[in-house]
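Build out the structure end to end from the sequences listed, making use of the hints.
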Amino acid sequence: MPSVGNMRILIAGVLVLAAGCSSDNVTVPRTGTSPTALDAPLKVLGMGSETARYTAEIAVKGSTAYTTTWGSRPTLGNKVDIWDVSGATPILTDSLIVAGASTLGDVQVSDDSTLLMVATERTGGAIVLYDISNPRKPVQVARYSTANTNPGVHTAKFGRVNGKLYGFLSIDPLNLTPARLVIVDLSDPANPREIFTRVIGNPYVHDTFIRDGILFLALWNDGLDIWDIGGGGQGGTPDNPKVLGNVRTVGGEVHNVWWFHDAQGGKRFAFVGEEGPGSIGSSSIGDIHVVDVSSFASPKEIGFYHVDGAGTHNFSIDEKNAVLYAAYYNGGVRAIDVHGDLSSCPGASNFNVQANITRCDLKAMGRELAVGLLEQNRGVYVWGVEWTGGNVYASDMVNGIWKMTPAK
Amino acid sequence: MLVFARDSAAQNVSVMAQAIPTITSARPTATRGNLTEAYLTQPAIMVHASWAGFTGIGTLNLEGLTLERGELTTGAYGEGYVDRRHPHAYVHELLAGRDVTATRDFSFSVFGGRGFAPFGSDDPMVRPIEKYPVNHHLSQVLERIVGVGALRYRKTMLEVGTFNGDEPLGPGAPPNLARFGDSWSTRLTVLPLNALEVSGSLASVRSPEVRAGGGLDQWKHSVTARYERVSGDNGVYGMAEWSHTDERDRGVTVNRLGSVLGEGSVCRAGAILSGRWERTDRPEEEPTLDPFRTPRPPSDLSNLGESRWTILTGAVSSPALRSGWLSGRPFVEVAYITAARGHPGGLFDPVARYGTSHLWMLSAGVRLHAGASGMHDRMGRYGVALPVAMAMQGMAGMQDMSGMQHTQPSMGSDRCRL
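Going line by line, the protein sequences match chains A and B.
Under this note's numbering, the first residue of the first sequence carries the number 1, and numbering increases by one thereafter.
Under this note's numbering, the first residue of the second sequence carries the number 409, and numbering increases by one thereafter.
A hint or two may mislead.
[To be verified] Label-pair distances were calculated between CB atoms; the ranges are:
hint, chain 1, residue 1, chain 2, residue 2, range
1, A, T197, B, W733, 51 to 59 Å
2, B, G441, A, K137, 35 to 43 Å
3, B, E476, A, R248, 34 to 42 Å
4, B, Y635, A, T197, 57 to 65 Å
5, A, N352, B, L697, 52 to 60 Å
6, A, T197, B, P582, 18 to 26 Å
7, A, K242, B, G580, 34 to 42 Å
[Said to hold, decoys possible] Partner residues aside, some chain B positions facing chain A, computed with beta carbon under 7 Å:
hint, residue
8, T696
9, P705
10, S707
[To be verified] To list a few chain B residues with every Cβ distance to chain A over 12 Å, as calculated:
hint, residue
11, V421
12, A425
13, A457
14, L470
15, R535
16, S639
17, G678
18, R730
19, F756
20, V774
21, G779
Derived from the structure by calculation, the hints contain no laboratory data.
A quick note: this is a predicted structure, and the numbers were derived from the prediction, not measured.
Even for Gly, the Cβ is constructed at its ideal location relative to N, Cα and C.
Written out as structure tokens, the structure reads:
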């Protein structure tokens, strides 16, 4: 029989363990907390269904939309769906299979609407370039894959600097190989040429944004970097960038960024997406952070937008009307008013103890204009969104593509 | 001969080698079809040495040579493998340390090197079922650069360890030495009866799946009860454990993974009948083109939801066959597996993934063994934290079991040894 002394020790041990069990910090439950829809949702015009594969990113050119696919459902996400979005309901007109790919991610149309770029991950990272002179019938012009694009191109963005087209590739880490940025010269799309690469990101570099010769890099826990690649006045070029500044936004996990140019020519704010841990199909975490970039050398976070029970992913901004549309995974699509001074918010400021900064709470400022898709009463998980041509399009991992009317 | 029996008052060297040629049929598995494969699993060489009060422990695990593709183990996950158990590091253990007996009732030990953090239950390699349980990564923390201190007072032991949080990237991949000390664990063990031990563990493991750091952290709990009694050629073993891991991002819990497991064995005249039941949550990750692999590190901190695995396994093993220094124990194992959506289920659908939610796994093989017996039957514990040594001290009132503790059998006579 156990002695009294040993039983005391056993009980003490159990109590210690129980104390450990109850020492949890604030917990975000995976279930039970759901983002809610506003009274005035974004009006859905129609949905194009894709249920054989999980849908990933979206890119729209005129009346044609391209959506990539991802993962395994169990059908591999190696297909780009091509949609006719001229009507209210997107109609699948064609598709293309990216040979040798197991999962796709990013997709983008070049600013002159001649090229489509698709990023592949996992089975040897690559970008695949298509001529979309006929938007409904893309023709592959190049597949670019090197040792530096392995193990996968997480995102690929076009950027034009001094008239020349470049690709900015964010490469995944693998085992002992860290994440890196690769810049390729696409002035001859059939022959992409690497002009710059650097190990960067902690531990990831997830996305880039290029505008006016400035490169923004989403470096996860290293925050947001701002580089001069031709427009920063520091002599930077795409093959010899110069670092201008960095900001660590609250919570880190910097995933994507959009440098906002308003209709009045203001260029003060950039919006940063934080991609926290999620359970795809069920939950997500992560705020939108507003960064004052009026000084590239000393950018500062001045605001944020938070949704209980959901986190953000990619953005698109209607700059004329100053409305940011954010894909919010299980939180649908969020339309946020971003006009004016986002750093002035009497009665709607919030002090973050860890970062020791005061930020404006965009929701408390009444800037949330509308929420899309939650009123559909079906599970959604929105990867990407694009405002264009007076409509809002969303790619939904679970259901396919949605077309909505804008908030303004 | 693989045994060096150089015992003296101050010196003791023991060597043991083991391997299990086995054939497994998973019906179905991650390919959505049936798959049958053969391996040489768990090939290992273990060396224990003591000299002048110091003890050295080494386990060379050769699965990197024989199991690169992983061993079919439906439900298993970890280190970039799924539905296959990953091969372990070549340097499974390499530690040195010293036991000090301060008084009749009190002793302590300090060990350092690569090995197990003091957490949870014994390594599945030294337990009765050949197939690892799904909860391996919830209930053990291993192959880290560790410093482990243990205190023993009569029939109570307290271990505290610190280590690097990153799990191995592969059998030959080095640990991230810069991260040594970023994680810790502790385990309290009591022995209310000579055959029964109860332990509770806590661990804080930083970013195990992202070697550079920045991945999800783990806050782990475990409670284990273990019973073992041997008499002559007969013996009984039982173990029950509850383990739980909270995956956290900056202190906020984002995933909860739980496991309940019970297992037992009965040995009669050298034949062993074993059974195990477990229910364990598994985080689902996006597989690569190979459905048995997931990227390391993952490309972000999200998962595809959780699955819940309920597995009932039965095994029977004949008495060991001996030829000179080699012994072989044939065995057969059958596992019935149920996969279901966990909480949250995310995108996981067992029928979409496997074609069914009810699966089987059949295995047969021979446990080959050469050399010293019973030298590491409690893999995962070092120094005075070995309950056998403690039990012997408790029963016999012996002052110092150092030098003996690694050679004490935990399952009695060789006829009941796995």
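Now for the hints, and whether the structure bears them out:
In this structure, A:T197 and B:W733 meet the distance hint of 51 to 59 Å, their C-beta atoms being roughly 56 Å apart. The supplied range of 35 to 43 Å is met by B:G441 and A:K137, whose beta-carbon atoms lie about 37 Å from each other. Our hint of 34 to 42 Å for B:E476 and A:R248 holds, since their Cβ atoms are close to 40 Å apart. In this structure the supplied range 57 to 65 Å holds for B:Y635 paired with A:T197, their Cβ-Cβ distance being about 59 Å.
Checking the proposed 52 to 60 Å range against A:N352 and B:L697 shows it is violated: the Cβ atoms sit about 42 Å from each other. The given range of 18 to 26 Å is respected by A:T197 and B:P582, whose C-beta atoms sit roughly 25 Å from each other. A hinted range of 34 to 42 Å for the beta carbons of A:K242 and B:G580 is consistent with their spacing of about 40 Å. Given hint, B:T696 at the interface with chain A, holds; its Cβ is 5 Å from that chain's nearest Cβ, closer than 7 Å.
Against a cut-off of 7 Å between C-beta atoms, the interface hint on B:P705 holds, since the closest Cβ of chain A lies about 6 Å away. The interface hint given for B:S707 holds, since its Cβ lies 5 Å from the closest Cβ of chain A, which is under the 7 Å cut-off. With a least beta-carbon separation of about 35 Å from chain A, B:V421 lies farther than 12 Å from that chain, consistent with its non-interface assignment. Every C-beta of chain A lies more than 12 Å from that of B:A425, the closest at about 30 Å, which supports listing it as non-interface.
Every CB of chain A lies more than 12 Å from the CB of B:A457, the least distance being 32 Å, so the non-interface label holds. Under the 12 Å C-beta cut-off, the non-interface status given to B:L470 relative to chain A holds; the minimum distance is some 21 Å. Look at B:R535: its CB is around 22 Å from the nearest CB on chain A, clear of 12 Å, so calling it non-interface holds up. At roughly 20 Å, the least C-beta separation between B:S639 and chain A is larger than 12 Å, which holds for a residue marked as non-interface.
Consistency note on B:G678: stated as away from chain A, and its beta-carbon is indeed over 12 Å from all of that chain's, at 31 Å minimum. Interface exclusion of B:R730 from chain A stands, the closest Cβ pair being 39 Å apart, more than 12 Å. Residue placement check: B:F756 does not keep its beta carbon more than 12 Å from all beta carbons of chain A (closest about 8 Å). Chain A leaves B:V774 outside its interface by the beta-carbon criterion, the shortest separation being 34 Å against a cut-off of 12 Å.
No beta-carbon of chain A comes within 12 Å of the beta-carbon of B:G779; the shortest separation is about 34 Å.
In this structure, the earlier hints numbered 5 and 19 are contradicted, and the remaining ones agree with it.
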